[in-house]
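Engineer: These are the residues of each chain, in order.
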Amino acid sequence: MRKVNKRSDGYCLGIESTADDFSVGITTFEGEILANVISAYMSPEGGIHPREAARHHAEVANTVIEEAFKKAGIKTKDLSLIAFSQGPGLGPCLRTGATVARALAAYLHIPLVGVNHCVAHIEIGKLKTGAEDPVTLYVSGGNTIVAAFDSGRYRVFGETLDIALGNCLDVFAREAGLRQKTGEPFGAVVEKLAKSGKKFVSLPYTVKGMDMSFSGLLTTAVNMLKKGENKLEDVCYSLQETVFSMVTEVTERALAHTEKKEVLLTGGVAANKRLQSMVKSIAEEHDALFCVVPAQFAVDNGAMIAWTGVLAFTHGVKTSIEESFVRLRWRLEEVEIPWIKKANLY
Amino acid sequence: MDKESQPLLIKKGAEACLYLADWHGRKVIIKKRLPKKYRLPALDEQIRTYRTIHEPRLMHEAKKAGVPTPTIFMVDVRNATIVMEFIEGKQVKQLLAEVSERQRQELCCKIGALIGKLHRNGIVHGDLTTSNMIQRVDGKIFFVDFGLGEKTEEVEARGVDLHLMKRALQSTHFKFAEECFNAVIEGYSSVLDTEDVKKVLEKIKEIEKRGRYIAERREAN
Numbered sequence: 001m002r003k004v005n006k007r008s009d010g011y012c013l014g015i016e017s018t019a020d021d022f023s024v025g026i027t028t029f030e031g032e033i034l035a036n037v038i039s040a041y042m043s044p045e046g047g048i049h050p051r052e053a054a055r056h057h058a059e060v061a062n063t064v065i066e067e068a069f070k071k072a073g074i075k076t077k078d079l080s081l082i083a084f085s086q087g088p089g090l091g092p093c094l095r096t097g098a099t100v101a102r103a104l105a106a107y108l109h110i111p112l113v114g115v116n117h118c119v120a121h122i123e124i125g126k127l128k129t130g131a132e133d134p135v136t137l138y139v140s141g142g143n144t145i146v147a148a149f150d151s152g153r154y155r156v157f158g159e160t161l162d163i164a165l166g167n168c169l170d171v172f173a174r175e176a177g178l179r180q181k182t183g184e185p186f187g188a189v190v191e192k193l194a195k196s197g198k199k200f201v202s203l204p205y206t207v208k209g210m211d212m213s214f215s216g217l218l219t220t221a222v223n224m225l226k227k228g229e230n231k232l233e234d235v236c237y238s239l240q241e242t243v244f245s246m247v248t249e250v251t252e253r254a255l256a257h258t259e260k261k262e263v264l265l266t267g268g269v270a271a272n273k274r275l276q277s278m279v280k281s282i283a284e285e286h287d288a289l290f291c292v293v294p295a296q297f298a299v300d301n302g303a304m305i306a307w308t309g310v311l312a313f314t315h316g317v318k319t320s321i322e323e324s325f326v327r328l329r330w331r332l333e334e335v336e337i338p339w340i341k342k343a344n345l346y
Numbered sequence: 001m002d003k004e005s006q007p008l009l010i011k012k013g014a015e016a017c018l019y020l021a022d023w024h025g026r027k028v029i030i031k032k033r034l035p036k037k038y039r040l041p042a043l044d045e046q047i048r049t050y051r052t053i054h055e056p057r058l059m060h061e062a063k064k065a066g067v068p069t070p071t072i073f074m075v076d077v078r079n080a081t082i083v084m085e086f087i088e089g090k091q092v093k094q095l096l097a098e099v100s101e102r103q104r105q106e107l108c109c110k111i112g113a114l115i116g117k118l119h120r121n122g123i124v125h126g127d128l129t130t131s132n133m134i135q136r137v138d139g140k141i142f143f144v145d146f147g148l149g150e151k152t153e154e155v156e157a158r159g160v161d162l163h164l165m166k167r168a169l170q171s172t173h174f175k176f177a178e179e180c181f182n183a184v185i186e187g188y189s190s191v192l193d194t195e196d197v198k199k200v201l202e203k204i205k206e207i208e209k210r211g212r213y214i215a216e217r218r219e220a221n
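As you go down the protein sequences, you meet chains A and B in turn.
Just so you know, the working numbering puts the end of the first sequence at 346, numbered straight through with nothing missing.
Just so you know, the working numbering puts the end of the second sequence at 221, numbered straight through with nothing missing.
Please keep in mind that the hints were generated in silico from the structure rather than gathered at the bench.
Quick caveat, the model's predicted, so the values are computed rather than measured.
Possibly wrong hints are sitting among the right ones.
Stated by the list, open to error - Here are the computed lysine to any residue pairs in the SDA-like style, where the Cα-Cα straight-line distance is at most 20 Å: (1) A:Lys280 / B:Glu15; (2) B:Lys37 / A:Met42; (3) A:Lys231 / A:Glu323; (4) B:Lys37 / A:Ser277; (5) A:Lys181 / A:Ala288; (6) A:Lys280 / A:Arg174; (7) B:Lys37 / A:Lys181.
Unchecked claim - Ranges between beta-carbon positions, derived for each pair: (8) B:Glu206 / A:Asp133: 26 to 36 Å; (9) B:Thr71 / A:Lys181: 44 to 54 Å; (10) B:Thr194 / A:Tyr107: 25 to 35 Å; (11) A:Gly46 / B:Asp76: 19 to 29 Å; (12) B:Leu8 / A:Ser281: 24 to 34 Å; (13) B:Gln170 / A:Arg174: 46 to 56 Å; (14) A:Lys70 / B:Thr152: 57 to 67 Å.
Positions of the beta carbon are idealized from the N, C-alpha and C atoms, including for glycine.
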């Protein structure tokens, strides 16, 4: 068991349950992460069935929480705050996490804070990489967002107009009949295959202003494969090159526009080495520091919720039980960020 | 070499570099799309060539549709370079922050009408931001940067175009984004048929509901 600094101002337990992962993290009020336990739901057919995933979350909630306490080496009575991901995400999954959070807060008589999932990804990224004011590229199975802070909020500069980049890779892999090992994301399977791809085939490259579209490209790639004219490795390679070039182009434009000095790459797809090299390249081009979030904090995790809960709570944000309903489409830019003081209008 | 003829880098954008230069006695903008190291050379060339050819074409079409754009003097596809007229004026991005509320409304209304003219003639701009609009000293508003534009009459493309305008206003001019966008729509409606406008407005709403968590959408259906 690890030693815990009991002089900490407090401990926060964060619950993440926006999609297929149920995770519990415990952090101190100073930003030390004591536990980050993740339990992933794997559907036998691939993809996420929201109600099935929610059932998984409900089943594992107890053990995940217990394990988090064990790892952190603290007791329930040591907690001073409960945070939970309030949105955006899948309704049934969010509700399961919110129910657990409400129950814990009520039982322990401690405050509750609802956290925006996207804000949490950025905040944990800043905490783990030391970035202070980055342009963030957040790419996962559910989100594709380019954001940067300005005047009290994280502003969305670019995003997907249809499906998320990670979703595009997942669906492609499923349609291609690829298999994943337990715990291995489909993106990693595509990445591996892409490495042995040599021939680049042209796919629709759709950047509209600062926004991107992946659905037409996905259809084209799947059809290409079904026709059997191209090798699977080559299509994986071309798919990766095209979608990553799109998000990198948009990130570069946000960087040029805001003139910020850091780029933060996060989300489940951040683990992809090719994407990392592309984003690093544009960071260097604009004399910005490239920061990538370590894998266990780049995927959906409870620690990011706990830490963002601490930031919010220590800056006067609290969520009453009445206000703790889940927000399926809670946009990043709707959230006020009182813990960042400067209002830098570029 | 004559000092005056040295091109001056005025903007290092993400997509291209803009140089202010003296070209046969004219003040011109040289737009050069530089290779991107992060992109595969094959994809990089494809994108730069495509945009270098299409941008001047669309700018010409826009002019025919009654939307002022800089005159094109030369296109060098191999070097992904376009030489065009320099517009002496102010970016709308800057103007919006400076002018009075009434002037802001008028300006946005004018912009909306210009977007309407583009759409009516089958052109979508593809990157409607306030930094891509310049008000010349004589008051005429010029649209620039058609690199992401396309020729299409689809409601979807028009919707995305206006949605981008709205998003640009929200991210850069969030204090008065709503009033500005309403004025844009007012101007837009003065140019296009009521029926077409209705369709586009519905499309914008639909686009805003899209994105993220398709499983949830499926479930809702």
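Engineer: Would you mind marking each hint as holding or not holding in the structure?
Structural biologist: Now for the hints, and whether the structure bears them out:
1. Simply put, Lys280 (chain A) and Glu15 (chain B) have alpha-carbon atoms about 17 Å apart, close enough for the 20 Å limit, and the pair holds.
2. With a C-alpha separation of about 37 Å, the suggested pairing of Lys37 (chain B) with Met42 (chain A) is violated against the 20 Å cut-off.
3. As the CA atoms of Lys231 (chain A) and Glu323 (chain A) are separated by approximately 52 Å, the hinted pair breaks the 20 Å bound.
4. With a CA separation close to 10 Å, the supplied pair Lys37 (chain B) and Ser277 (chain A) stays within the 20 Å bound.
5. For the hint pairing Lys181 (chain A) with Ala288 (chain A), the CA-to-CA distance comes to about 36 Å; that exceeds 20 Å, so the pair is violated.
6. With a C-alpha separation of about 29 Å, the suggested pairing of Lys280 (chain A) with Arg174 (chain A) is violated against the 20 Å cut-off.
7. With a CA separation close to 34 Å, the supplied pair Lys37 (chain B) and Lys181 (chain A) exceeds the 20 Å bound.
8. Taking the beta carbon of each, Glu206 (chain B) and Asp133 (chain A) are about 34 Å apart, inside 26 to 36 Å as hinted.
9. Here the CB-CB span from Thr71 (chain B) to Lys181 (chain A) is close to 60 Å, at odds with the stated 44 to 54 Å.
10. Distance hint check for Thr194 (chain B) and Tyr107 (chain A): the Cβ-Cβ separation is about 58 Å, which falls outside the suggested range of 25 to 35 Å.
11. In this structure, Gly46 (chain A) and Asp76 (chain B) break the distance hint of 19 to 29 Å, their C-beta atoms being roughly 48 Å apart.
12. Between Leu8 (chain B) and Ser281 (chain A), the C-beta spacing of about 26 Å keeps the proposed range 24 to 34 Å intact.
13. The hinted range of 46 to 56 Å is not satisfied by Gln170 (chain B) and Arg174 (chain A), whose Cβ atoms lie roughly 35 Å apart.
14. For the pair Lys70 (chain A) and Thr152 (chain B), the beta carbons lie near 59 Å from each other, so the given range of 57 to 67 Å is met.
The structure is inconsistent with the numbered hints 2, 3, 5, 6, 7, 9, 10, 11 and 13, although it conforms to all the rest.
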